[in-house]
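A.B. asks: Listed below, chain by chain, are the residues.
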Amino acid sequence: MHRNWRNPGVALAAAGLLAMSIAAGSISEKAKKLHFSSIVVDTHDDTTQRLLDPKFDLGVRHADGSIDIPRMKEGGLDAIFFSIWMSGKVTGPEAVERATRQINAVRDAVKKHPKEIMLATTAAEVRAAKKQGKIAALMGVEGGHMINSDLGVLRSYASLGVRYMTLTHSVNVEWADSSTDKAAHNGLTDFGKDVVREMNKLGVIVDISHVSDKTFYDALALSKAPMIASHSSCRAICDAPRNMTDQMIKDLAEKGGVIQINYHVGFLGQEFRDAERKDPSINESISREIKKRCPDENDEGCQLIEGDKITREYVAAGKLPRVDYTKIVEHIDHAVKLVGADHVGLGSDFDGANMPYGMEDATMLPKITEALLQKGYSESEVRKILGENTLRVLSEVGRVSKELQGKK
Amino acid sequence: MRVLRLSAAAVCLFALSLPTRSSPGDDVSERARKLHFSSIVLDTHDDTTQRLFSKDFDLGKRNPDGHVDIPRMREGGMNAIFFSIWIDGRTLGPPAIQKALDQIDAVQQNVRKYSKDLVAARTAEDVRRAHAQGKIAVLMGVEGGHMIGNDIRMVRIFSRLGVGYMTLSHFYNDEWADSSTDKPAHNGLTDYGKEIVREMNKQNVLVDISHVSDKTFYDALEVSKAPLIASHSSCRAICNHPRDMTDDMIEALAAKGGVIQINYEKSFIDQAYKDASEKLTGKDVVAQFDQIVKDCNGDQECIGRKATAREKQETAEGKLPRVSWERIIDHIDHVVKLVGADHVGLGSDFDGAGMPEGMDDCRHLPQITDALMRKGYSDADIRKILGGNILRVMEQAEKVSRELQAQN
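These protein sequences, in sequence, are chains A and B.
Residue numbering for the first sequence follows the numbering used here, beginning at 1 and increasing consecutively.
Residue numbering for the second sequence follows the numbering used here, beginning at 1 and increasing consecutively.
Okay, chain A solo, but in the shape it has when bound (with noise of 0.2 Å):
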C-alpha cells in the first residue's frame, strides 16, 4: 500500500514518452522458458483488501485489479505475500483485531482453493509448492502499528503464518518513525530494539521499507538476520522519501538483504512524483473521485483499484505523465550495478498502488525477464532478482530464528 487517500499530493504533466515496450506476444522462447521454470516471488500485494469482500473470488479472473489465481498463473507468479493493512491511524485493540481478521481472510482464501494455492511459512515451502504445481501464498504485516505495542500479539501473528513485518507504514508508531511522518523517536525506541530482536527469534523477517532512515540504519545495526525493503526503490532515480538511497542499498546488501523494487509510478519515475507535488490539486481531485465511486469508506479495496484505475484516466487526460514499465528495469538495474545481483527482487504494491503501462497486473511478469535477458543479464541472475534472492533471505531468517531459539 503506497499512500494514504486521504492525504494526497499528486499533480500533472504532459503524456510521457512510450519508452521501448515489449508486447504481451513478444517474450522470446528463452525467457519465458527462463521465466516461468524460476521462482517468481512478489513480497508485496494489496489483495488481502480485496478478500475482505465476501463476492471478491481469487479463483476467478477479474476485469480489474492486478492479481487473481488466473493471472497469476499466466504471469508466471509462484509465491505471493499479500499484505495485511490498515492505515496507521487505527491503532489499539482495533489494529490487532482487523489484522487478525485480514490474516484469516488471507487463510480461508486459500483453503478455498487447495488445488491452487498453499500457505507457506518457509523457503522449503515456497519450493514445494512449485514443484507441486501451486502458487505460494506467504503473509506480511505492513506496518507495526498492528501490534499495539504487544509482543504477544506479535508471536500470534507469527504463530498465524505472518513472515515479515513493516516496521512502520506512513505514520508512526509509539517505537519507530516513518520515512513519511515528522521524527519523533530518532528512530528506533527501546522497545522498537526489542521488538527487532523477537522478531529475529520468531523468524519473521524485518521489512524497512516505509520507516524513516534513521529506522532503517537503527534495525540493520541491530537486527541478527538479514532485511528486506518488501517494496522500495531506488531514491537515486525517483527521490521519494519510501526509496531507499544508494548507501542505504549498499548497507542492506552487505547485512545479505534485499531490495524488492515497487512498481508504483510515483516510486519509479521522478517526472510523475514531481508532476504530484506540482500540483497538490490533482491528488486532492483523484481523492473526491474515489470517495464517489467507493461510498462506504472503509472498502479500501475498492479504494485502491479505483485510485489506480482513476489516475489512469488522469494520465491519459494528460494531467499526470505516463511511466512505462520498463521503469522497474531501470531500478532493478541500477542496484543490480550498485550491489550485485544478489539483493533485488520483486515488491509490486499490485493492488495497491498505481502501476505503469504495461505492468497492469501479474500477467505482464514476464516482461521483466524478458527486459533482464535483453540487458544481458544471466539466466542465474535473473532467477535471483525473480525470486531467488528472497527464498535466500527467507532461509537465513529461519536459520537465525533456530538459532537464537536453540540458545534459549
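Simulated from the structure, these hints should not be mistaken for lab results.
One should not assume that every hint holds.
Calculated cross-link-like contacts (lysine-lysine; reagent style PhoX-like; alpha-carbon spacing at most 25 Å) [unchecked claim]:
#: 1; chain 1: B; residue 1: K113; chain 2: A; residue 2: K193
#: 2; chain 1: A; residue 1: K402; chain 2: B; residue 2: K113
#: 3; chain 1: B; residue 1: K183; chain 2: B; residue 2: K279
#: 4; chain 1: B; residue 1: K113; chain 2: A; residue 2: K55
#: 5; chain 1: B; residue 1: K194; chain 2: A; residue 2: K111
Per label pair, the in silico range of CB-to-CB distance [said to hold, decoys possible]:
#: 6; chain 1: A; residue 1: K255; chain 2: B; residue 2: N297; range: 42 to 48 Å
#: 7; chain 1: A; residue 1: K402; chain 2: B; residue 2: E251; range: 49 to 55 Å
#: 8; chain 1: A; residue 1: T245; chain 2: B; residue 2: N297; range: 35 to 41 Å
#: 9; chain 1: B; residue 1: E125; chain 2: A; residue 2: V60; range: 54 to 60 Å
#: 10; chain 1: A; residue 1: Q405; chain 2: B; residue 2: A272; range: 49 to 55 Å
#: 11; chain 1: B; residue 1: D56; chain 2: A; residue 2: K291; range: 50 to 56 Å
#: 12; chain 1: A; residue 1: D57; chain 2: B; residue 2: F53; range: 38 to 44 Å
#: 13; chain 1: B; residue 1: S29; chain 2: A; residue 2: K402; range: 35 to 41 Å
#: 14; chain 1: B; residue 1: G134; chain 2: A; residue 2: K30; range: 56 to 62 Å
#: 15; chain 1: B; residue 1: D56; chain 2: A; residue 2: E284; range: 55 to 61 Å
#: 16; chain 1: B; residue 1: G134; chain 2: A; residue 2: Q405; range: 18 to 24 Å
#: 17; chain 1: A; residue 1: A183; chain 2: B; residue 2: R402; range: 52 to 58 Å
By construction, the Cβ of each residue, glycine as well, lies at the ideal position given by its N, Cα and C atoms.
Once you've looked at the hints, dock chain B against the given chain A.
C.D. replies: Frame of chain A; chain B shown alone:
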C-alpha cells in the same frame, strides 16, 4: 472460572484441613497410586493462565499458593491440562480479542520455556504421545463466546492458535447465546450462534456448554455434530445451582456421547455451602460480579484476589460451612449411576474457584482415584473418568471435523 465469590487466581490456603489428611495422598493405597500414575489424568478447566501474567508466579516452580504448577502437577499425576483463556464478559470487541491472544501467547511461551516438562497438544493423539514421553500435555480452552467479538471467523483464528474448546458463554449472555447466570435474551442460541457451533465442529473446537443456559445447551446439543462437553460443571440434583446440570441434561448429553467434567467449586458441589453463600451475598451473581470487576477496574488478578479474600474471611468467621473434597466423588458417582462411567470426567476449576477441604491443590488428585477404587469402580472405569472419556470425545470431534472439511 466459577461464579463470583472468587474467580481467577484463587489463593485458597485453608487454615483448617481435614484432620485425616495432613499431607496429600497420605492414605492413598499402593494399588490406587499405581493406577493413578499410569493413567492419563486430564483436567479440562484450569484458570492458572491468569497467574502467568504475575511477576510473583512461576509455573516451573512450586508456589506456596494457588493450585497448579509443574512440580505439583507432577506430584498429583496430572498430565494433561486445559489452560483456560478467560476475560471478564464485560470486555468485548477488539480489546477482548487482543487479551485472548495475549493469554494464548502466555500459555505458549510457558510451553516453550518449560519444554522439558510441557508440550503443546491439540488432539487426543498429541495427549497420548505426551504421556508416552513423560510430558504434561498443554491444551487451551476459550472460556466465553464473547472473546470472538461476535465474529465467526475468530473461531478459525483460535483453532489455528491451538484452542481445543470454546465455552459458548461466560456469566453474561453473548450476542448469540444465553448464559445460565444472565436473563434470557435469545431463547438459547441465535441463528448466528448455531452457525458458530457448526463452525466449531468443522474446526475441531469442542463445544463446551458449561456456563450456558439450559435452553442454549439443548440448542447446541441439537445442532452439534460432535459430542459436547461441560468443561467444568457439576450436578444440579446434588447442588441446585444454575451452573450445574440437571439429570435430564446429563442424560441428553451422554446420549450424544458427551461428557460432564465435574467442577470442584464449593458452591457448585455443596447445597449447604451454596445456600449460606447466597444468604451472605444474594442470588444476583451478575450484579455481584459486576461490582467486583468495577472495584478492580477490570484487572483480572485483582478480581480473583478480591473474591477470594472475601470468601476466605467468611469461611474463617464461620459464616460459610466447610465442604469436604469427598463431595467431588458424590458428583462423579451420581453421574455414573445416571449414565454410566463413559460420560464423566474432571474439570477442577483450579486457580479459578474455591476448593473444598482436602483438595487444596492438584497434588491431591490421587485421592479421587483411591476413593473411586474404594467405591468398587473397576480400573478401566477409573481410567475413563480420569481422562479416557474426554480423549474419546476429542477423537470423535476430530473425526467429525475431518468429515466436514472433506465435504467442502
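A.B. asks: All the hints need checking, so say for each whether the structure fits it.
C.D. replies: Here is what the structure says about each hint:
1. K113/B - K193/A: holds (22 Å)
2. K402/A - K113/B: Holds: K402/A and K113/B sit about 15 Å apart, inside 25 Å.
3. K183/B - K279/B: With a Cα-Cα distance of about 21 Å, the restraint between K183/B and K279/B holds, given a limit of 25 Å.
4. K113/B - K55/A: Outside the cut-off at roughly 44 Å; violated.
5. K194/B - K111/A: The hint holds at about 22 Å.
6. K255/A - N297/B: 42 to 48 Å: This hint holds: roughly 46 Å between Cβ atoms.
7. K402/A - E251/B: 49 to 55 Å: holds (52 Å)
8. T245/A - N297/B: 35 to 41 Å: With Cβ atoms ~49 Å apart, the hint is violated.
9. E125/B - V60/A: 54 to 60 Å: violated (38 Å)
10. Q405/A - A272/B: 49 to 55 Å: holds (53 Å)
11. D56/B - K291/A: 50 to 56 Å: holds (54 Å)
12. D57/A - F53/B: 38 to 44 Å: holds (42 Å)
13. S29/B - K402/A: 35 to 41 Å: About 48 Å separates the Cβ atoms of S29/B and K402/A, which means 35 to 41 Å is violated.
14. G134/B - K30/A: 56 to 62 Å: holds (60 Å)
15. D56/B - E284/A: 55 to 61 Å: holds (57 Å)
16. G134/B - Q405/A: 18 to 24 Å: holds (22 Å)
17. A183/A - R402/B: 52 to 58 Å: Once the Cβ atoms are compared, 54 Å apart, the range 52 to 58 Å for R402/B and A183/A holds.
Hints 4, 8, 9 and 13 from the earlier list are contradicted by this structure; the remaining hints agree with it.
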